[in-house]
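Engineer: Using the sequences and the hints given, assemble the complete structure.
Number of protein chains: 2
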Amino acid sequence: MAHPPRIQAVAFDAFGTLFDVYSVGLLAEQLYPGKGAALAELWRNKQIEYSFIRSLSGRYKPFWEITQDGLRFAAARLGLELDAHRCTQLMNQYACLSPFPENLGALRSLKAAGVPTAILSNGTPDMLAVAVKSAGMGGLFDHVLSVDAVHQYKTAPAAYGLGPAAFGCPAERILFVTSNCWDAAGASWYGYTTFWINRAGQPREELDFTPSATGQTMDEVVDFITRSRHK
Amino acid sequence: MAHPPRIQAVAFDAFGTLFDVYSVGLLAEQLYPGKGAALAELWRNKQIEYSFIRSLSGRYKPFWEITQDGLRFAAARLGLELDAHRCTQLMNQYACLSPFPENLGALRSLKAAGVPTAILSNGTPDMLAVAVKSAGMGGLFDHVLSVDAVHQYKTAPAAYGLGPAAFGCPAERILFVTSNCWDAAGASWYGYTTFWINRAGQPREELDFTPSATGQTMDEVVDFITRSRHK
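Protein chains in written order, with the UniProt record's numbering: chain A, 1 to 231; chain B, 1 to 231.
Hints are computed from structural coordinates only; laboratory data are not their basis. Predicted, not measured: the structure shown is a model, and the values here were computed from it. Errors might be hidden in some of the hints.
No copy is singled out in the list; a pair is fine if it fits within one copy or between any two copies.
As the list claims (entries may be wrong) - EDC-like, lysine to aspartate or glutamate: derived pairs with alpha carbons at most 16 angstroms apart: (1) 35 x 142; (2) 61 x 206; (3) 111 x 219; (4) 111 x 142.
Structural biologist: As structure tokens, then:
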């Protein structure tokens, strides 16, 4: 976007954006040597697919539960035995993810600059509370918004509507930050100014949209906001 | 289901159920040796993912176009050069899929038995007309129903509503037949009696549902209907 609107607040996606889901793959590889990457990828894909299908059909179920459903399917599909102990280990790992290395510093910079911040996530309030604490991000967000409040997952408009409602400003004045390109599409369609953190250099999803900005790390998000606020 | 209702009509999913999408993989392998299976799988996954995302966000775009969008993303993601000629070749292959070997005989059996039949598909009316003709299935369906009429993809209830509206009977009296387990979930939630053709012996999706019946070929669908109608 050549002239993005002045940004008044920032809303972050959580899983994959603030919290690095890669550590799940490491544990999966320990539990299932040679299959960890495949399990982690299919698990993630199924978790997201189930969120779409359930929202489309009006069959909401909390994200913690569909995360476990996705794990169960992925293990079965790959022929991996998922006993109760391994299931608990993997789910616990998902509950306590590490932040990406630069994220804490970036969030502290925004806090110091007085930029209002939020998490806007598919995760349940409990999942988000544990993840924020586990990542050392306590006190860095003004709002922790879960789609559980509306029982609809992203990319449903009701889910994205939580941001403007919490900040009390139009979506275009909020920078929605996500590493998930489909999430950037949904947020752009809703009306947010969007930043896609494309850490892995992926092609853009073919969804007829362009994020307002793209970068590779959270530090570039801070730069974007700083520039926007000093225009 | 121990006592399914008496079946009055049958609605078939099209792609993957009536029409074998495997031939696309064969062409893909010719064009991109060693990468054909990966391209076909990611293409299919993206096509479906885009249908979910667009329906959730109220951003309908015809299935032919999102099929091409999915192909473009899949090729880019896998680092495969998709020039206009190869794109056309692959899309043309998708337009003229072969039926699974037993399907024509099964459909003729249903026709001979006087069972009303429909296609209920995400495909556009044009795609379905070409596919039906190409597969030699002309005259075998009473209704060819495209979600294009409601601009919402499965698993949106509006999409499944086309079946009862066309047949003039409740969903539970219609057997919805699909090879896509997520489609069987959506149809079951909507109220159809459902038959999941599980050709590849896949695990069931973890979506808290049980199809009314499961089998490996279309012939088992005919048996199920015959038994239902002679109770």
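Engineer: Indicate, hint by hint, whether the structure satisfies it.
Structural biologist: Hints versus structure:
1. 35 x 142: neither (39 angstroms within a copy, 47 angstroms between copies)
2. 61 x 206: Between. Shortest inter-copy distance 12 angstroms satisfies the 16 angstroms Cα cut-off; intra-copy 28 angstroms does not.
3. 111 x 219: within (14 angstroms within a copy, 64 angstroms between copies)
4. 111 x 142: within (9 angstroms within a copy, 63 angstroms between copies)
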